[in-house]
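Put together the whole structure using the sequences plus the hints.
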Amino acid sequence: MIELLCFAALYVLLALLCLVRVSKGPSVVDRAVAADSVDVLLDVALVLFALYSGRGIYLDIAIVTAIVGFLGMVWVARYLEGRM
Amino acid sequence: MVLRIISDVFVAVGAFFALAGVVGLLRMPDAYTRMQSSTNIVTLGLLGAVIGGLLHAIGVVVEGNPTLGWTQFVKIAIVGFFAILTNPIAAHSICKAAYKHGVRPDKDFACDKYGEDEFDE
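Residue numbers (my numbering), protein chains in the order written: chain A, 1 to 84; chain B, 1 to 121.
Think of the hints as simulated: they come from the structure by calculation, not from any bench. Small disclaimer: the values here were computed from a predicted structure and weren't measured. Glycine included, each C-beta is placed from N, C-alpha and C at the ideal position. Some clues are possibly wrong.
In silico DSS-like cross-links for lysine-lysine, where the CA-CA straight-line distance does not exceed 30 Å [stated by the list, open to error]: (1) A:LYS24 with B:LYS107; (2) A:LYS24 with B:LYS96; (3) B:LYS107 with B:LYS96.
Here are the in silico distance ranges between beta carbons for each label pair [what the hints assert, rightly or not]: (4) B:ILE6 with A:TRP75: 35 to 43 Å; (5) A:GLY72 with B:ALA77: 18 to 26 Å; (6) A:LEU16 with B:GLY115: 33 to 41 Å; (7) A:LEU16 with B:GLN36: 20 to 28 Å; (8) B:LYS100 with A:VAL22: 20 to 28 Å; (9) B:LYS113 with A:CYS6: 44 to 52 Å; (10) B:ALA77 with A:LEU19: 23 to 31 Å; (11) A:MET84 with B:LEU68: 37 to 45 Å; (12) B:GLY64 with A:MET84: 48 to 56 Å; (13) B:VAL74 with A:ILE2: 21 to 29 Å; (14) A:VAL68 with B:VAL2: 32 to 40 Å; (15) A:PRO26 with B:ASN65: 45 to 53 Å.
Printed below as a string of structure tokens:
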């Protein structure tokens, strides 16, 4: 079971690496894409941690994170296109 | 036990592709190639981990805890299905928004059909 925790820690580490791109990305599109990647990686980390701990509440949080991340990405895109 | 090993292999493959995607996100030269690399994170990184999680949940069912196992199975399937369904839409819309916002690649486009269409109108 401990290997799931190790993989979840690896995914969180990758999400922290994505924050480097969020902080220094030259354009706003780079920042939005990197923030969406952080969202997806933390999603996977939540799934793996839910399997490790055997509690379902983390999976609910993962579903909500996926939906909200998609909505935020589409809203940023519409704003950049000038349709909002 | 065999199911556990197979699910760990899937999660490891997903972690490898997520690592490759993050390295690409940090080192690629311009915005469009970085978008391509972040799509790699979702399709292979998330899908590998989700398939591994589904096999792990089936393993929980086999080991004699069917309620917890099936709950985990359905919820992980919802996460994977939703991510695979929505991420191409988000990537397409952010790519079009980047073009309209004025983001250009390092070297100029070899072929710019979208710009020609905009110019014709």
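*Tell me, which hint numbers fail for this structure?*
none
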